[in-house]
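Enquirer: Chains A and B, in that order, give the protein sequences. FYI, the numbering for the first sequence is 21 to 277, going by my numbering. FYI, the numbering for the second sequence is 142 to 569, going by my numbering.
Note that these hints are calculated values from the structure, not bench results. Each hint should be verified, as a subset may be incorrect.
EDC-like mimics (lysine to aspartate or glutamate), calculated; alpha carbons at most 16 Å apart, straight line [as the list claims (entries may be wrong)]:
hint, chain 1, residue 1, chain 2, residue 2
1, A, 118, B, 412
2, A, 131, B, 225
3, A, 110, B, 201
4, A, 161, A, 74
5, A, 132, B, 166
6, A, 244, B, 505
Bear in mind the structure is a predicted one, so any value in this text is a computation, not a measurement.
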Amino acid sequence: MKKLIMTFFLIIVFVAFSLQAFAITADEILDEMEARSALNATQKSVGTMIMTDEKGKEEKRDLVMYSYDDSEDTENRAFIFRFLSPAEVKNVTMLSMKDGDQIYLFMPAFKKVRRIAGSGKKEKFAGTNFSFEDLSGGYSKDDYDATLMNDDDDENYILDLVPNDPDSDYSKLIMTVDKEKFYFKKIEFIDLDGNQWKVLEVQKVQEEEDGSITILKMYFQDLKDNSTSLVEMESVEKGIDLPSNFFSVRTIQRPEI
Amino acid sequence: MKGILFSISIMIIILVFTPFSFAADIYGEVSAYGNYAFDTEGFGYGTKLQLKYNPSLSDDYYLMADVSLKYQSENNYSPIRLNELYIQGFSTPSEDIDYKVGYMHLTWGASDAFSPIDNINPRPFSQSISQDALDEKIPVLALNVEWYMNPTWSLEFVYQPEFQSNYRPDQIDNLFLGYQLASMLDLNPQVMQIDTIQHLPEVGFLNPVWGVRARGNVGSVDTAFSFLKGYYLNAYPYRTDITVNPDGSSLVQTEMGYPERSVLGAEFQGEIPGIAGVTFRADFALFIPEKWTNQITTHNADGTTNFTTVDVFDEMYWKASVGADYTASDNSYYNLIYLLGNPYEEGKDINSYLFFRLEKPSPDSKWKPFLNSILNLNDGSMINVIGTDYNPKENWTITLSYSISSGAPPSLLAMAGDTLSLSVKHVF
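In isolation and in its complexed conformation, chain A is listed as follows (with noise of 0.2 Å):
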């Protein structure tokens, strides 16, 4: 009997520590994403961006986006966000360095680069219902205290991710992630008082051949303003031969890049 004791009490020991050593973290789930996403370090999308405002009136953009992600060090990451229509944004472009933390924008009409800097990332890009912090990063466990919040959902994973940064016009993000291929598929933008404020859901996936995740269609929805925009590239190319310099302030001020 006690020989049955001890067995059945291994075995709870066994499965305790199985379950404990194969139970994935929120801190891991990111770090895969961000491994995923980055397996492709230089990348050119051209698609348009449908804007659709509370009457339901739309406007169409299109545009064109370059980044560099670097897996081994984040501060590294940038991208190069440029307008191509209609006239009136046409060639308003933004530069995202050092992980978001410098961000420029060059306005044609002005003929000089602008640093945007704090709550400026706040302030809407060209009239989008997309905020510079909205655009200006990835979802780095460095930048979030993230909690997994479901371990019972065969398909997704439910993360809480509390931004570190306590200027953020967000309380929280909830984020669900695919548990196969580890992208985000939804995030909820919780406000300061608790309400859901914005969500952005991603529609249209590519895998790539390596694992990596391309997003080819996502929607963002602005719940106070009743706004919309459908973000669709339809092209995408990886692993582009890039100048070393290209991710700078010289680049944004050429008439095409």
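With chain A's structure known, arrange chain B on it following the hints.
Expert: Same frame as chain A, now just chain B:
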């Protein structure tokens, strides 16, 4: 009547050009404005068609052509304006060099408005403090080369073999001169007839206006240091002959020139440590003028003659623009700038100002109410502009504003008067 005909011609040209422009990759804007000055009960209006063409000539070369056809009911310096016409080369003749050659606008300084370092392009006269008016410049013929020495620092060089002055209508020049002389010599500016002769500086290929500017980062602050050698863009008197008549009126004959000057500049922009969310932008300029005096000869009504020498520039002086801007979470934008001198003031005439701009866009960004205020800290004169931008549809902006000025002449702010303005702009 002429103005109305001119406006109609511009509208016809716009109708002809707009479809063509889409086909030829020409872009630009068309605008019309009207304003009513309450003090003078005067109505001003104007129209503008601006066309830009920026084709690629090869992988490394671009052409920029920017012209305007503009009518305004007063103070129009030219109905047809060449804004820019230059060839731009990137990464040529070597990988780390970009350059432009032709007629161009060059903007130096980190400040959003009234940078004391932004001295290369002259400006047309305007009493408006709207963004469009502040951004309006007259092009200069120049070679502009920027050498990107390393990932952090670049060195810019400007060579300008032709002098171009600010445009200030004769009556405005005479008004300023009249008030200056009246304050010094006890004359009545209302009964003063002024004749001026202006002598341009001898700028050429061997005696150019030139400048250098190093741009880079010091820590997390974007910085630039510059040196510009050239001439003032406004003319100053150096010989004045005044005849005072027995009835108190006077005849003034003045010869004017453009004093030489050097400008040392420093620019900074970045975040203020410890104050999250605020971007500071600061420009400091040290002006080193050549010594410039005005020899005044006064022939009095009683037959006597007086000789006076007035120092216009006799020592170096500072101008500055130090400000900070902040965007709140509701997207309202605040910008406060301390100004030591405005673009029209130099030397002993410099005043201190506070400039404040507030914008509060609606949630859908269609409406953007704003307040622009500028206060002269020396004499208390002030202009407040309240208004709103409205975007009824894509590429269209309507701006309605009411400007209130206070103070007494010769303050430029006081002389602006109270004005109601409406403008419509379409970009294509």
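Enquirer: Are there hints from earlier that the structure breaks, and if so, what are their numbers?
Expert: Going through the list in order, the structure violates hints 3, 4, 5 and respects the others.
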